[in-house]
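The lines below spell out each chain.
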Amino acid sequence: MKYLDEFRDPELAKRLFDEIDRITTQHWVLMEVCGGQTHSIIRNGIDKLLNENIELVHGPGCPVCVTPLDTIDKALAIAARDDVIFCSFGDMLRVPGSTQDLFQVKGESGDVRVVYSPLDAVNIAKENPDSQVVFFGIGFETTAPANAMSVYQAKQLGLTNFSMLVSHVLVPPAIRAVLNSPLNRVQAFLAAGHVCSVMGFSEYVPIVEEYGVPIVVTGFEPLDLLEGIRKTIIQLETGTAEAENAYPRAVSFDGNEAAQQLIEDVFETTDRNWRGIGMIPESGWELSARYADFDAARRFEVGDIDTQEPDVCRSGEVLQGLIKPNECEAFGNECTPRKPLGATMVSAEGACAAYYTYGRFIEIEGVSA
Amino acid sequence: MTSDSAGDGATIDGWSCPAPLRDQPNIVMGHGGGGKLSAELIEHLFLPAFNNEHLDSLGDAAVVDLPPGRIAMSTDSFVVRPRIFPGGDIGELAVNGTVNDVAMTGAIPLYVSVAMILEEGMPIDELAALTRSMAKAADQAGVQLVTGDTKVVDRGHGDGVYINTTGLGVIRDSIDIHPANVRPGDAILVSGTIGDHGMAIMSVREGLEFETTIESDTAALNHLVAALLEAGIEIRAMRDPTRGGLAATLNEFAAATQAGVVVEELRLPVKREVASACEMLGMDPFYVANEGKMVVVVPADQAERAVETMRADELGTDATQIGEIVANHPGVVVAKTAIGATRVVDTQVGEQLPRIC
Numbered sequence: 001m002k003y004l005d006e007f008r009d010p011e012l013a014k015r016l017f018d019e020i021d022r023i024t025t026q027h028w029v030l031m032e033v034c035g036g037q038t039h040s041i042i043r044n045g046i047d048k049l050l051n052e053n054i055e056l057v058h059g060p061g062c063p064v065c066v067t068p069l070d071t072i073d074k075a076l077a078i079a080a081r082d083d084v085i086f087c088s089f090g091d092m093l094r095v096p097g098s099t100q101d102l103f104q105v106k107g108e109s110g111d112v113r114v115v116y117s118p119l120d121a122v123n124i125a126k127e128n129p130d131s132q133v134v135f136f137g138i139g140f141e142t143t144a145p146a147n148a149m150s151v152y153q154a155k156q157l158g159l160t161n162f163s164m165l166v167s168h169v170l171v172p173p174a175i176r177a178v179l180n181s182p183l184n185r186v187q188a189f190l191a192a193g194h195v196c197s198v199m200g201f202s203e204y205v206p207i208v209e210e211y212g213v214p215i216v217v218t219g220f221e222p223l224d225l226l227e228g229i230r231k232t233i234i235q236l237e238t239g240t241a242e243a244e245n246a247y248p249r250a251v252s253f254d255g256n257e258a259a260q261q262l263i264e265d266v267f268e269t270t271d272r273n274w275r276g277i278g279m280i281p282e283s284g285w286e287l288s289a290r291y292a293d294f295d296a297a298r299r300f301e302v303g304d305i306d307t308q309e310p311d312v313c314r315s316g317e318v319l320q321g322l323i324k325p326n327e328c329e330a331f332g333n334e335c336t337p338r339k340p341l342g343a344t345m346v347s348a349e350g351a352c353a354a355y356y357t358y359g360r361f362i363e364i365e366g367v368s369a
Numbered sequence: 001m002t003s004d005s006a007g008d009g010a011t012i013d014g015w016s017c018p019a020p021l022r023d024q025p026n027i028v029m030g031h032g033g034g035g036k037l038s039a040e041l042i043e044h045l046f047l048p049a050f051n052n053e054h055l056d057s058l059g060d061a062a063v064v065d066l067p068p069g070r071i072a073m074s075t076d077s078f079v080v081r082p083r084i085f086p087g088g089d090i091g092e093l094a095v096n097g098t099v100n101d102v103a104m105t106g107a108i109p110l111y112v113s114v115a116m117i118l119e120e121g122m123p124i125d126e127l128a129a130l131t132r133s134m135a136k137a138a139d140q141a142g143v144q145l146v147t148g149d150t151k152v153v154d155r156g157h158g159d160g161v162y163i164n165t166t167g168l169g170v171i172r173d174s175i176d177i178h179p180a181n182v183r184p185g186d187a188i189l190v191s192g193t194i195g196d197h198g199m200a201i202m203s204v205r206e207g208l209e210f211e212t213t214i215e216s217d218t219a220a221l222n223h224l225v226a227a228l229l230e231a232g233i234e235i236r237a238m239r240d241p242t243r244g245g246l247a248a249t250l251n252e253f254a255a256a257t258q259a260g261v262v263v264e265e266l267r268l269p270v271k272r273e274v275a276s277a278c279e280m281l282g283m284d285p286f287y288v289a290n291e292g293k294m295v296v297v298v299p300a301d302q303a304e305r306a307v308e309t310m311r312a313d314e315l316g317t318d319a320t321q322i323g324e325i326v327a328n329h330p331g332v333v334v335a336k337t338a339i340g341a342t343r344v345v346d347t348q349v350g351e352q353l354p355r356i357c
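For the record, the sequence lines run as chains A and B.
Throughout the first sequence, residue numbering follows the numbering used here, covering 1 to 369 in sequence.
Throughout the second sequence, residue numbering follows the numbering used here, covering 1 to 357 in sequence.
For reference, chain B alone in the conformation it holds in the complex (with noise of 0.2 Å):
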């Protein structure tokens, strides 16, 4: 399946045979019963645009071959506000969010599962537009969305669209990738900038007036994992630092092992606009999320061969070192700030306030 190929198929101006929700524009609760409107929408838009023999079948399950190798499976609900945000989409992040769960274990993503909650009067237009997106995530990331199931809520009881996307892939025999492996001694390395999918997300949802537009960075990391395992590197523990943030994921490496985690603050990459964002409203980028980037730990004699690695794909042209496991403070993240001095930095507590002034 191409990029190409699932744009055209995944238009109601597309749509082939007669189609009486032609005169129909928006979701009604039929198209959650299982009856003909729900026929039409898999005939339709799903299948054209996801495009597998899978897919295609119709069963009630997808019967799939594996390769050799362990299993790895994530599950996440995607229930992000607005569905459109600069730099992507609901469809997207929910294609590239679960691929990237996978990816983070070691593993090759090869099949990723749709569950689309959809609410009473969405646009089938806009639904057509996440459908196509997700066919483009799914392409570029190589894995096949191949089983899928739609439900309709009362208007008001949803938020246009949540999407639950659930993946499978399997990981060589070789490869042991986990927080625990970290040692005393590892070098931390980023794959890009922090914070840029948060502030995306803020800035068009708290309707402030940026002069520049900060995208968000969601991608599927998993092209960007395989190089580095091709290169040999011995990843000790890797993780997509989302929802909490750097902070979090650097104190799970730190919990895991009871090693402590020393950050510099100045070799973070932050984009200047997201750094100005985050000035302004009191945010700190270390608990913003991110949707495109990792975080993974090496043997230190390995770190610039990693950092080149990534610098050499696109999704990691910004890859740097930023810190290092630890015998000290164990359990601890501490980050050297700009003038010098020590900080601890923590897990934090429920979300990030603006804050008044």
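Next comes chain A alone, as it looks inside the complex (with noise of 0.2 Å):
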């Protein structure tokens, strides 16, 4: 398939591989900040046949999974209203509040719709006009300019029973409070291509030149990652800390500047709370002053949240990359895609689901673990 199997090419695979063992000489931590990427290392078993010298750690880039609780709760008591059409994307349906996820909400006569674009949600807005629709505006950079073009569209075309229910969340200070954690490992990071395509790099020269780790633009197919490590370990190992490009073919150093300009209007930055890691300054976007009208949380009176979380998950941890989801004892026990105790376990792009899907919680005989 075109832009797919070129990428998945196993003779350049295994000469990535070789050339990755030719010039690694010592132990160096990577952290891979989305996870989408997560997923794809583990579903292709990337880190099987990386150099042992070489250890990825997941971060937080799972949207679904920083999401936090009392965000959820609120859409949880928002989608459950009788006047509501709530409209997310697939994969925070399962997601577990304090109490209930949106499925159950669904099961319990909540209108809870999948769409794919937040422009759909506009679409049923127009459709409904006796019910209020909202749309659940969540993600990273990379989700952002289609939510800010909903909104934008919403306020053109008048509508008032359109809103959002906003918790966007940005990588740069993510990456920020990685570094400045006091248990911090990591030397050097894969940047989440996705994100770049819309923002470009250059905000990540700062953190380059204030930390000196290397961080490198990097896709997501199996050759987009291992390109991304190797430029990575040339990095390391010659001792210099750039933000460099390894995804050339999706992301400029500027990136989408329309975009950039929608989510300038629509959006502003706000600090945010991150389930599971706690807050970290400056590092979402709330509605801006000129769109307030659109933002859910103001339209809904949804009451006191008191919030809930298990107390043997540690999603958290995955998240920060201190642990590896199958060092957490509930993994795989009381833990499981059917029954999760935290996001993690949940999002296509949630480390610990990406663990259990793909079987890293048994050793198997004849075959690595």
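These aren't lab readings, by the way, just hints derived from the structure by calculation.
Beta carbons: idealized from backbone N, C-alpha and C, even for Gly.
You may find that some hints are simply not true.
Claimed, not checked - With a Cα cut of at most 25 Å, we get these calculated DMTMM-like pairs of lysine to aspartate or glutamate:
hint, chain 1, residue 1, chain 2, residue 2
1, B, 336, A, 47
2, B, 336, A, 5
3, A, 231, A, 55
Said to hold, decoys possible - Covered stretches of chain A (chain B as the covering partner; in silico rule of three or more C-beta atoms under 8 Å from a C-beta of chain B):
hint, segment
4, 21–28
5, 44–58
6, 334–346
Claimed, not checked - With beta-carbon atoms standing in for the labels, derived distance ranges:
hint, chain 1, residue 1, chain 2, residue 2, range
7, B, 121, A, 292, 39 to 47 Å
8, B, 331, A, 155, 50 to 58 Å
9, B, 327, A, 21, 31 to 39 Å
10, B, 312, A, 6, 27 to 35 Å
11, A, 253, B, 280, 21 to 29 Å
12, A, 19, B, 280, 48 to 56 Å
13, A, 156, B, 312, 55 to 63 Å
14, B, 272, A, 264, 32 to 40 Å
15, B, 86, A, 155, 31 to 39 Å
16, A, 5, B, 56, 49 to 57 Å
17, B, 331, A, 99, 30 to 38 Å
18, A, 131, B, 43, 22 to 30 Å
19, B, 76, A, 270, 49 to 57 Å
20, B, 59, A, 82, 45 to 53 Å
Take each chain as given, in its own frame, and dock them per the hints.
Structural data, given as structure tokens:
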């Protein structure tokens, strides 16, 4: 398949593995920031074939996983209202709130719909003038342009029955938070290609300069990941630290400026609580004052939210790369995709779900685990 | 019965006698009441379409003769939305699905029952089209629709139409096909591309706008099974990987005998458009439903001949070997990834959810 098969070529992959072997002389810890990359690494078994001196730790880049619990609980309360059609990306539906998830709300008569684009939610609002249509606007910079566009369009159309529950999060502050942690072991980052296709990678230059860590923009297919790792190892082995682009077919230095302008119009920076990690200053976006009327959190009074996280869930440590998912005592025991304790076990991009789905819970005879 | 004769009989325009329902274009509660309206549906729609002596007798039960052998019986209910999708419709699916379940035991499917639950307000034109489609599917599979039932539920209490079908077939005494028969060394074959049906449904249900249309693979597989048996292939185990996809079927094989299963990702036949759609939505073709494909386990030395036999049939042109049964890792399905590593392919929990980005 065009743009896919070329980047899964076994021969080229082997050459990259060999080249990485050749240049690696000592132990290095790399963090792939994005959950999509984590999944690709585990699904393809890249970490199993990689030089054993290279340790990949999985980062916080799973938007579903880091959406704060009180926001999920707010979503559940809004979705349960009779006058609301609640629209969301599919993988939010099974994320556990304090007592329920969106699937349960749907089962109990809430009108919860999976959409593929926030613009679909705008259309639903047009078609259902007697209902309040709420879109769950979460995600990193990747989903922000489409989310911003839907609010922009709703305003242009004069829709009074559309609103968004916003919980956007940003990558650069998360990288800083990882680096600022006293427990940090990460020596270099594979930056998330899709985020950078929107934002470019100019914003990583100050981080590289301040902390002296290489940051390499990396794609998602096996060869993309291997090339990102190769470039990172070259920097580490030669003692350089630069913001570098290993995903030039999708990413430019300045990114998508039209998208950035739209984001700037619709959103403004805010402090954000990350589920499992805590408050990170200026790490999120909320609707700007111009679009405050479209803020679902303001439109619907949902009362006091009393949040409760399960004690045994260690997803916060997983999200910060401090432990691997299968080092958590609950992993595969009381916590499985069937009954997830934390969001990292739910999302297609959650590290725990990746480990579980691709069998990193059993040692199998004849197959290296 | 031929598909042409089925087509002629099952339209409102083809109704012969004075039909009050001509002025009544939609299903009403009375159509399920057992009175005149019910009788008219049967007389003008179902009988001409399904057209066989067992049904024509209109007894309380169909009375049929069966050739010698063990009897295979299977039932399934169909609730698909949308009712008409690229490559098929719920009527065709309801016949093929049950025919396939019977055929996977090695039985020759012969008779099928049809029970429909109609929602008040459903257009009779559409019911006629679905009926026609069922008749055509039965004709192609070589089975007879010999008994049926119709009920109507209030508007808002159904999804247009739900269809239950039950199939009856006969297994020759020498045939023994069961997941428990698989042995290390056996070859695992698929009859064609995987993931077509699930992605076809998803592409229309979710309003995705793909440039190309993905068509469902719904088809009756009994002739393909018959071809393998006639060729003298010793089929150890066989399944049609519907819900849960290929992953569910392979795990079933692994669990039944505590053997291991190894498949190679690069050997899985997946249509380009299906692969693209899966990539875009974060789906894995391993878990996507099929409605016209089968997974067959045969002794390794018969694999090539089995593949050739399937390829000679139009439903098996993309047939290929995808892996083998192994003695290692009992009960676990392992995929060799494109770049040469391995991963476990577990059965899936719930349904696959399209990802956020």
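Structure-based check of all given hints:
| no. | hint | in the structure |
| --- | --- | --- |
| 1 | 336/B with 47/A | 14 Å, holds |
| 2 | 336/B with 5/A | 16 Å, holds |
| 3 | 231/A with 55/A | 15 Å, holds |
| 4 | 21–28 | violated (count 0) |
| 5 | 44–58 | holds (count 5) |
| 6 | 334–346 | holds (count 3) |
| 7 | 121/B with 292/A: 39 to 47 Å | 43 Å, holds |
| 8 | 331/B with 155/A: 50 to 58 Å | 56 Å, holds |
| 9 | 327/B with 21/A: 31 to 39 Å | 32 Å, holds |
| 10 | 312/B with 6/A: 27 to 35 Å | 34 Å, holds |
| 11 | 253/A with 280/B: 21 to 29 Å | 27 Å, holds |
| 12 | 19/A with 280/B: 48 to 56 Å | 31 Å, violated |
| 13 | 156/A with 312/B: 55 to 63 Å | 59 Å, holds |
| 14 | 272/B with 264/A: 32 to 40 Å | 39 Å, holds |
| 15 | 86/B with 155/A: 31 to 39 Å | 36 Å, holds |
| 16 | 5/A with 56/B: 49 to 57 Å | 55 Å, holds |
| 17 | 331/B with 99/A: 30 to 38 Å | 35 Å, holds |
| 18 | 131/A with 43/B: 22 to 30 Å | 44 Å, violated |
| 19 | 76/B with 270/A: 49 to 57 Å | 52 Å, holds |
| 20 | 59/B with 82/A: 45 to 53 Å | 50 Å, holds |
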